[in-house]
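Those protein sequence lines, which keep their order, are chains A and B. In terms of numbering that gives the first Met the number 0, the first sequence has 307 at position 308, counting the first letter as 1, and numbering is strictly consecutive. In terms of numbering that gives the first Met the number 0, the second sequence has 127 at position 128, counting the first letter as 1, and numbering is strictly consecutive.
Simulated from the structure, these hints should not be mistaken for lab results. Keep in mind that a hint or two might mislead.
Here are the computed lysine-lysine pairs in the BS3-like style, where the Cα-Cα straight-line distance is at most 30 Å [stated by the list, open to error]: (1) Lys117(B) with Lys95(A); (2) Lys554(A) with Lys461(A); (3) Lys49(B) with Lys146(A); (4) Lys154(A) with Lys126(B); (5) Lys49(B) with Lys177(B); (6) Lys154(A) with Lys113(B); (7) Lys154(A) with Lys231(B); (8) Lys231(B) with Lys146(A); (9) Lys154(A) with Lys315(B); (10) Lys190(B) with Lys146(A); (11) Lys154(A) with Lys52(A); (12) Lys240(B) with Lys98(A); (13) Lys408(A) with Lys461(A); (14) Lys321(A) with Lys231(B); (15) Lys183(A) with Lys126(B); (16) Lys4(A) with Lys146(A); (17) Lys239(A) with Lys450(A); (18) Lys154(A) with Lys50(B); (19) Lys247(A) with Lys98(A); (20) Lys146(A) with Lys317(B); (21) Lys590(A) with Lys315(B); (22) Lys489(A) with Lys590(A); (23) Lys317(B) with Lys154(A); (24) Lys266(A) with Lys98(A); (25) Lys117(B) with Lys177(A); (26) Lys444(A) with Lys554(A); (27) Lys187(A) with Lys117(B); (28) Lys380(A) with Lys450(A); (29) Lys44(A) with Lys154(A); (30) Lys126(B) with Lys146(A); (31) Lys50(B) with Lys146(A); (32) Lys177(B) with Lys321(A); (33) Lys113(B) with Lys590(A).
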Amino acid sequence: MKKGKIWKILTPIFAVLLIVCIVAIPVTSGLAPIINNFLKADTHKVIPDPDAKIYFWTSWENEEDLVAHEAELCRQIEGEGAALLVNRNNALPLAKGSKITPFSQSSFNLIYGGTGSGSMAADDATTLRMALDSVFGEGTVNLEQWKFYASAGYKRVNAATTGGNQAQYRINEVPWSKYPDALKNTWKEYGDVALVVLARSGGEGADLPSGLPELEEYMTDGDYLRLCKEEIEMFENLEKLKADGTFKKIIVLLNSSNALQLDFVDKYGIDAVLWIGDVGMTGTLGVADILAGDVNPSGRIVDTFMKDNHSAPAMENFGAYKWTNGADYETATAQNNTDPGISKCNSDYVVYQEGIYVGYRYFETRYEDYVLNQGNAGDFKYDDKVAFPFGFGLSYTDFEYSNFNITEKADGDFTASVDVKNTGSVDGKHTVQIYFQSPYTEYDKTNLVEKAAVELCGFDKKFIAAGATEHFEIDISREDLTSYDANGAKTYIFEDGDYYFTVGKNAHDAVNNILMAKGADQSRMSGTGNASLAAKWTNSTFDKTTFATSAKTGKPITNLFEDADLNKYSGNGGQTYTYLSRQDWVGTYPKTQVLHITEQMWADGLTHDEAGHVAIVENMKSKYFPNATMPAVNTPADVKAGDLATASYDDPRWQTLISELPYTEAITLIYNGFHFTEAAPTIGLPGTLDENGPQGFTASLMGGASAMAYTSEDVMASTYNRELIADMGSCIGEDFLHASEEGASQVYAGLYGPGANIHRTPYSGRNFEYYSEDGWLSGQVAAVEVAAIREKGVYVFTKHFALNDQEEGRYGIATWSNEQAIRELYLEGFEGAVKVAGGNVMSSFNRLGVVWSGACRNLMTGILRDEWGMEGAAITDCSVYALYMDYRYGVLSGQDLWDGHSMGMATLDGLDNDPAIVTAVQTAAKNIAYNVTHSHAMNIGNATVIPITPWWQTLIYVLTGVFGVLTALCAVMWVVSSKKNKKA
Amino acid sequence: MKKFLAIALVLCMVFVFAACNSGTNQPANDTKETDKTSTPTDTAAPEAPKKSYQFTGVYEEEGSNAAMLNAAFLLNLNEDGTAVADRYKFSQYDDSDAATNPSFEASYLSGTWKEVEKDGVPCLQIKLAYINEDGTESNSQTAYAYDIAGEYSFDLSFPVVPGMSYTRVASMTGSETKAYADANAFIQAFKREFEAPEHVAEFTNGSNVTAYAQEDGTLLVYTNYALTTEGKWTRDGEGLKVTLGDPVEVREDGTSAAFTYSYDRGDGTMIDEELVCEDISVLGEPAVTEETPYTTSVDLGGNPYTASLVLGQDGKAKFTVAVDFDVDYFVTGSAVILSTDQELEGYQAQIWPGVPHTFILNDDRTMTAVANVWYSDSLTFIALDETNMKVEFPAYSMSAEGFTYSVNEEGTLLTVTAPEDLSDGFSQVWAGAGSENWEVHEAGYLTPIEE
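I would like the entire structure built from these sequences, with the hints used as guidance.
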């Protein structure tokens, strides 16, 4: 080789490599949070404080004991939550030693939990066979039948979590013709019971089909919650087999958090029906306990089970409805967080035209009006519509009520008391449910205030031995008896008139008691009531001031959601509708609403172009931060995060702390919350890891193994047992304490859950993540669960705040409702979690009216902080690629942390000279820091958080340096050798 | 000295590349990079199962985002107890050698397997996980495959983005039969051929972006084989025009033409591509086909909407105003009558009564809403408004305006008055086939009432 030629070759090679490295530095820097998360690369190092105080202690030093306790707890929750709906001739309990043949492929492939981010790893869950064999004895279950289902090739299919759709759901029950004769010959031997499991799964991303023509081949009328033809065929054959003596009993388990249409339970010789919901890891054992009589069923259903699911008025407007002129605005909905173009999440809307009449509030109220022949109730046949009312549940014993009384206390609240006698021969637990009815007055009719015939306002559960009597005293808050008057007083009112309180075994029982007290015509009633179990209390004063101020914060309460009510929204373009009203049931019954986008809707929130976003931001700044001045930024001080671990939210040191943060560090905190929080080394704030609920610390999203998955939330609620829920919450908190590796730079400190939306219809894909159709009950359960989790130093984001009661169109769907319904139904679940338990929230994908929930200041600040007094951060739902969840909107509204990365949407960049934005950013940063500092992440004390360069970045820097040196060296050698060659 | 320096530099390079490589290497127990093709090896572990199984499955979905997900999977349950799942993505239609094929991911998921009895049923327990760069696992799953008539099956869950719970499920089936000897055999068996849409010309950047100009004026832009944008093209005396949402500038140079196509890479970064067609002479006026809709503007709730009508076979048509209607149609003369006997619900029920159902079909593919249309055996009666009428004699392509009409309250009697200045030709037609009074039958059919 010619002298110097090697340098001529090497120089450009190194130069190219150098350029690659130089380019890689800024490119990868922008993607650093994602790369770090993907590579699990540490970005900071925590040097613990040797004098650290442990703020949150575990109560379970031995993890095995904790695991065993949790397994037993899940079993108990299922045992107390499962509701016995039918038990003809005391078909249950079954004798030990009974031989059981399971039916349906779902008996082998049970539903333990829903799908999506709330999913759980069910690989180690206790199967139905294991549970039955465990409780009844080895060999209880027909193993040949079990094996048959394993190999039959039929399996239920769920919709995919993202990119999925309703048409993907399949029941796939085994056709009767597929059962081989040899298998049929085994049935007689295991003929004590034909145990039929009817399972319907739900999950994130797609609601259940409620009438898809393309699914009629697979399910009756394309409706997933009806019996399919294979199931009908199965029941018809089982009825024959029962008649010929092959089977003695037919027992049905309803394995679903979505209420099946129960129009069949009086057919096919069915002896008993037990609703079990989604059973979690060990819930099958609780089911087996009930079947065997080891546990007396005490669950009470938290939804109305219908004979015709479409008879609920909410079904008239359930789904994603396209704006009729969406094409003119180039709207689009991306159903997938990995999908580019998600900025156009503005193509759908839904109208909650039924107002407050969801679930039992509709059926029982229209029923009362039918009985009293008022409100144009029409020919309302209650028994044709409702299979089992809200709160229904049987027991193996009977309970008798006496001495019901209501007492007004000095503070204005009430106490309901009642004696409950167990008149049967077996012990059991019993839930006392207290309902009230407030007067429906001329004032209400004039001001369009709606009143339900009954509302749950109190409950308690006790063990009552056979033959014993227990006395119950249940507190009722006067605040819970108020109504929201959006048109007259524009606040909560406590009206004058007659109030009825009653103890009912369910909502229908309750309204019947009140009807009897009113002297109603019994010939028009469905069932009977007992007037002695209803008490009338008369209020003489119309009170519109007491509850017009938040008892928590002292701030006024008035209308906040007029822009979410199309009738009141100034940009409606003349589009209005009538909410369902008990003034005229027939005349106001909802119809599917057809709506178009107006120019104002577009400008107010639906716009997806940057100019439109900027205009909205400027409007928000002038409206909410009119006199903003530039706060101190990047100002060194001695206050560190560890100093504020026990500081109150109002402590002035917070401002000092946050002022230390450089702007870029503050927005880094806000931008990057995809299942973690960033560390802020400047203020010694450690980063944390967050995990998904709601069935427990299931570690699902990041693909990890479950710690513990309890039952679906509806089963939790149907226990009506606050002690059990508190125990569960405490254990979930313990799972967080135990999940964090010793010495790790980040600990698991935040939970995405529980869910507190409601079961507006039976078809929502995520009903398993929500407690009930009743917002008040949801709030009661959430309050207990969230408080218990928080006691272990875990911050809790109750989700999805708010009005995210369906999956269809959830990315940016415009949700229209009215203020009374929003406050009395849809916010109540969250109110318990925040106002009572001190928790935080995850905002939702949808819009209130045309404004994304996280950008709705009246929601994120007006409700959360001004009325409920929330302290700390609100996180978004998954914000990856979701440009409509604009950071600027959010921080100006009270949204703090984004469940995503800033990639492609870093709209706070470069705004460090904008006083309003910087002020809002500092508030958001403070809220995030408040969460972390008040979590068990601070068990490290006043530790030193040192930022470190992730290993991959170090590698790039090293390579850049090496290639730089080599390039220079080679270039020099090339020049030198060239000169020498010339000389030569 | 110089030789020594050169050797030192070479050693430095070796060191640097080695360091670079070690930075991305998997832990020693990871086969991800070291064994690009994951076909079974003979390195049986001491306690290895005696058997091996091979599973395959395909995941396919439609949609703009599906390209990154649609794939075939090859899972080998090896004799040494390891389980290795490879993935072959269809999106790039690349069937080159597995060792260098970017669409092929060896050891996409990996883990172990064994025969177990779960809950009394013999089956294969398959544990798989995605192995991260640092050796940690995510998306771990334990699946159980049951013997169904000699074939095993299970659902393979795979992440949309590794580490996230957003997953898809591929149904896997397999047996002890090893259908594919190696990864290349697997690729050849599952490869897909890209089928370009029908087109008369194409604009391309020479690599991954192509816009297909279709005969009817549609322009379909494909990026990396995925349809990313749908637009329009026209060509007239003023040149070639392209619309991709908004009009784009077309630069013509002789017979070639080019335009710039801008698209979002997916993360907010806009990419500009120069798409060139070397010969646009084939692009005449877009052809009108049966699929080209008739369009007009109609009023719906005070807002203008575009109504479109595509006439199909057997008297069935698709009529679109905000939503689609599958309707029956009858063409008489230049007019069309739309009807439906379906029970309309929701949007359809609200929209249908508020829009016209009778139109004149114009040659330029527009249509004009008219008040009503009737027809007799030889004449077409087009009510232009509430009083004026046009009558056509389609057999001779003759028509005349100036007629007036009225309909009785029951809608059963149509009275038509001919204008006095009717042309001679049409006077003869009217005298022969016309009448003043007509009985209205179902679907607008008329029979004359004898005077």
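Tested hints:
Restraint check: the Cα-Cα separation between Lys117(B) and Lys95(A) comes to about 24 Å, which is no more than 30 Å; the hinted pair holds. Of the supplied pair hints, the one linking Lys554(A) and Lys461(A) is violated, its CA atoms being roughly 38 Å apart against a limit of 30 Å. Of the supplied pair hints, the one linking Lys49(B) and Lys146(A) holds, its CA atoms being roughly 24 Å apart against a limit of 30 Å. Taken as a hint, the Lys154(A) and Lys126(B) pair is honoured in the structure, with Cα atoms around 20 Å apart against an allowance of 30 Å.
Distance hint between Lys49(B) and Lys177(B) is fulfilled; the C-alpha atoms sit about 14 Å from each other, no more than 30 Å. Note on Lys154(A) and Lys113(B): the hinted pairing holds, with a Cα-Cα distance of about 23 Å set against a maximum of 30 Å. Note on Lys154(A) and Lys231(B): the hinted pairing is violated, with a Cα-Cα distance of about 45 Å set against a maximum of 30 Å. Annotation: proposed proximity of Lys231(B) to Lys146(A) is violated, straight-line Cα distance about 58 Å (limit 30 Å).
Under the criterion of a C-alpha separation no larger than 30 Å, the hint pairing Lys154(A) with Lys315(B) is inconsistent with the structure, at around 39 Å. For the hint pairing Lys190(B) with Lys146(A), the CA-to-CA distance comes to about 37 Å; that exceeds 30 Å, so the pair is violated. Restraint check for Lys154(A) and Lys52(A): the C-alpha separation of about 53 Å exceeds 30 Å, so the hint is violated. With a C-alpha separation of about 78 Å, the suggested pairing of Lys240(B) with Lys98(A) is violated against the 30 Å cut-off.
Distance restraint check for Lys408(A) and Lys461(A): the Cα-Cα separation of roughly 23 Å lies within the 30 Å cut-off, and the hinted pair is therefore satisfied. Between the alpha carbons of Lys321(A) and Lys231(B) the distance comes to roughly 24 Å, so the proposed pair stays at or under 30 Å and holds. For a cut-off of 30 Å, the pair hint linking Lys183(A) to Lys126(B) is broken: about 34 Å separates their Cα positions. Between Lys4(A) and Lys146(A) the CA atoms are separated by roughly 75 Å; this puts the pair beyond 30 Å, and the hint is violated.
A hinted pair counts as satisfied when its Cα atoms are at most 30 Å apart, and Lys239(A) with Lys450(A) does not qualify at roughly 48 Å. For the hint pairing Lys154(A) with Lys50(B), the CA-to-CA distance comes to about 27 Å; that is within 30 Å, so the pair holds. Among the hinted pairs, Lys247(A) with Lys98(A) is consistent with the structure: their alpha-carbon atoms are about 10 Å apart, no more than 30 Å. Straight-line distance between C-alpha atoms of Lys146(A) and Lys317(B) comes to about 51 Å, which puts the hinted pair past the 30 Å bound.
Distance restraint check for Lys590(A) and Lys315(B): the Cα-Cα separation of roughly 29 Å lies within the 30 Å cut-off, and the hinted pair is therefore satisfied. Pair hint Lys489(A) plus Lys590(A) holds up; C-alpha atoms about 27 Å apart against a cutoff of 30 Å. Restraint check for Lys317(B) and Lys154(A): not satisfied, since their Cα atoms lie roughly 38 Å apart, outside the 30 Å limit. Under the criterion of a C-alpha separation no larger than 30 Å, the hint pairing Lys266(A) with Lys98(A) is consistent with the structure, at around 23 Å.
A hinted pair counts as satisfied when its Cα atoms are at most 30 Å apart, and Lys117(B) with Lys177(A) qualifies at roughly 23 Å. Proximity of Lys444(A) to Lys554(A) is assessed by CA-CA distance (about 28 Å); at most 30 Å being required, the pair is judged to hold. Under the criterion of a C-alpha separation no larger than 30 Å, the hint pairing Lys187(A) with Lys117(B) is consistent with the structure, at around 25 Å. As the CA atoms of Lys380(A) and Lys450(A) are separated by approximately 21 Å, the hinted pair is consistent with the 30 Å bound.
Restraint check: the Cα-Cα separation between Lys44(A) and Lys154(A) comes to about 48 Å, which exceeds 30 Å; the hinted pair is violated. Annotation: proposed proximity of Lys126(B) to Lys146(A) holds, straight-line Cα distance about 22 Å (limit 30 Å). This hinted pair checks out: Lys50(B) and Lys146(A) have alpha carbons roughly 22 Å apart, not beyond 30 Å. Of the pairs offered as hints, the one joining Lys177(B) and Lys321(A) is violated, with about 50 Å between alpha carbons and a cut-off of 30 Å exceeded.
Restraint check for Lys113(B) and Lys590(A): not satisfied, since their Cα atoms lie roughly 57 Å apart, outside the 30 Å limit.
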